[in-house]
Amino acid sequence: MYKVKVYVTLRESVLDPQGKAVMSSLHKMGQSEVEDVRIGKYLELTLQKGDYNLDEKIVNMCSKLLSNPVIEDYRYEVEEVVAQ
Amino acid sequence: MKFAVIVFPGSNCDTDMYHAVKDELGAEVEYVWHDATNLNQFDGILLPGGFSYGDYLRSGAIAQFSNVMTEVVKAAREGKPVLGVCNGFQILLETGLLPGAMRRNESLKFICQPEELVVENTSTIFTTQYEKGEVISVPVAHGEGNYYCDKDTLQQLKANNQIVFTYRNNPNGSVENIAGITNEEGNVLGMMPHPERAVDELLGSKDGLKLFQSIVKSWRERYVAAK
Chain E
1 MYKVKVYVTL RESVLDPQGK AVMSSLHKMG QSEVEDVRIG KYLELTLQKG
51 DYNLDEKIVN MCSKLLSNPV IEDYRYEVEE VVAQ
Chain V
1001 MKFAVIVFPG SNCDTDMYHA VKDELGAEVE YVWHDATNLN QFDGILLPGG
1051 FSYGDYLRSG AIAQFSNVMT EVVKAAREGK PVLGVCNGFQ ILLETGLLPG
1101 AMRRNESLKF ICQPEELVVE NTSTIFTTQY EKGEVISVPV AHGEGNYYCD
1151 KDTLQQLKAN NQIVFTYRNN PNGSVENIAG ITNEEGNVLG MMPHPERAVD
1201 ELLGSKDGLK LFQSIVKSWR ERYVAAK
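Those protein sequences? They're chains E and V, same order as listed. Position 84, counted from 1, in the first sequence is what the numbering used here calls 84; the numbers after and before it change by one each time, with no gaps. Remember, the numbering used here sits 1000 above the position in the second sequence when you count from 1.
Everything hinted at is true.
If you only want the chain E side, here are some residues facing chain V, beta carbon under 7 Å, derived:
no., residue
1, P17
2, A21
3, N68
4, V70
5, I71
These aren't lab readings, by the way, just hints derived from the structure by calculation. For clarity, every value in this text was computed on a predicted model and none was experimentally measured. All C-beta atoms in this analysis are idealised placements derived from N, C-alpha and C, irrespective of residue type, glycine included.
Please model the entire structure based on the sequences and the hints provided.
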């Protein structure tokens, strides 16, 4: 089995109003070193191994559903896990 | 002319849309559930507002893979009028029938109030009954109506006259005050404000009714008068 960890964030060029609000709260609690906050989503997919190209499959899922390429970027990590 | 109001789990403006078409416009209309696999009998498709599939992942993201959306795409390609309001607009963006995407409102607040819209383009099948530059009052109700597209897309929207409605006092931070756009062909309109909630003076405005009347008029000119 594969465990795929997908991270989705707003693109650098897109303003993240939630991140901005959180940053100003962090500043209010005295964390003045914080320069930027970006809020995103984290997804964990568990996949059966098979006769397929894993990267192709993940890219397909990420670009068609898990992220919206107009405003979001994604990256992912793959771990091999033993089925329980 | 017969309209379909598409109903997803979580749609909540479907009844308003149905009422606007049936009682105020006086046209035929039916509810169509999201798992329907055929829209051939309908001449116009209406995607209502709400929170389809709970807005899971992103607004409109899950709806794009429902059975009925395959049919909506087909209807759009055939040139049938397709109107998406609020969550319906978000679904059209996620499906790729319209360019761009929605972000959270700049204020991070859910906004629910009447808005003044400027009718920018009166040559679409949705707006022939308006005057160019006419200011109309239509309510908005959304948390994610902050329309975004990149510069190239914006240029295309302008060059093809696809920007149909803009806000006079932008409530959500959308690019170029955009409130509603069409596709390049002009038969698919997405807008955040709710014309179906502005069809009777009792509701505070009936400025939205002309949008529905425009659709019917264009359809009659094309299909009835031609016969």
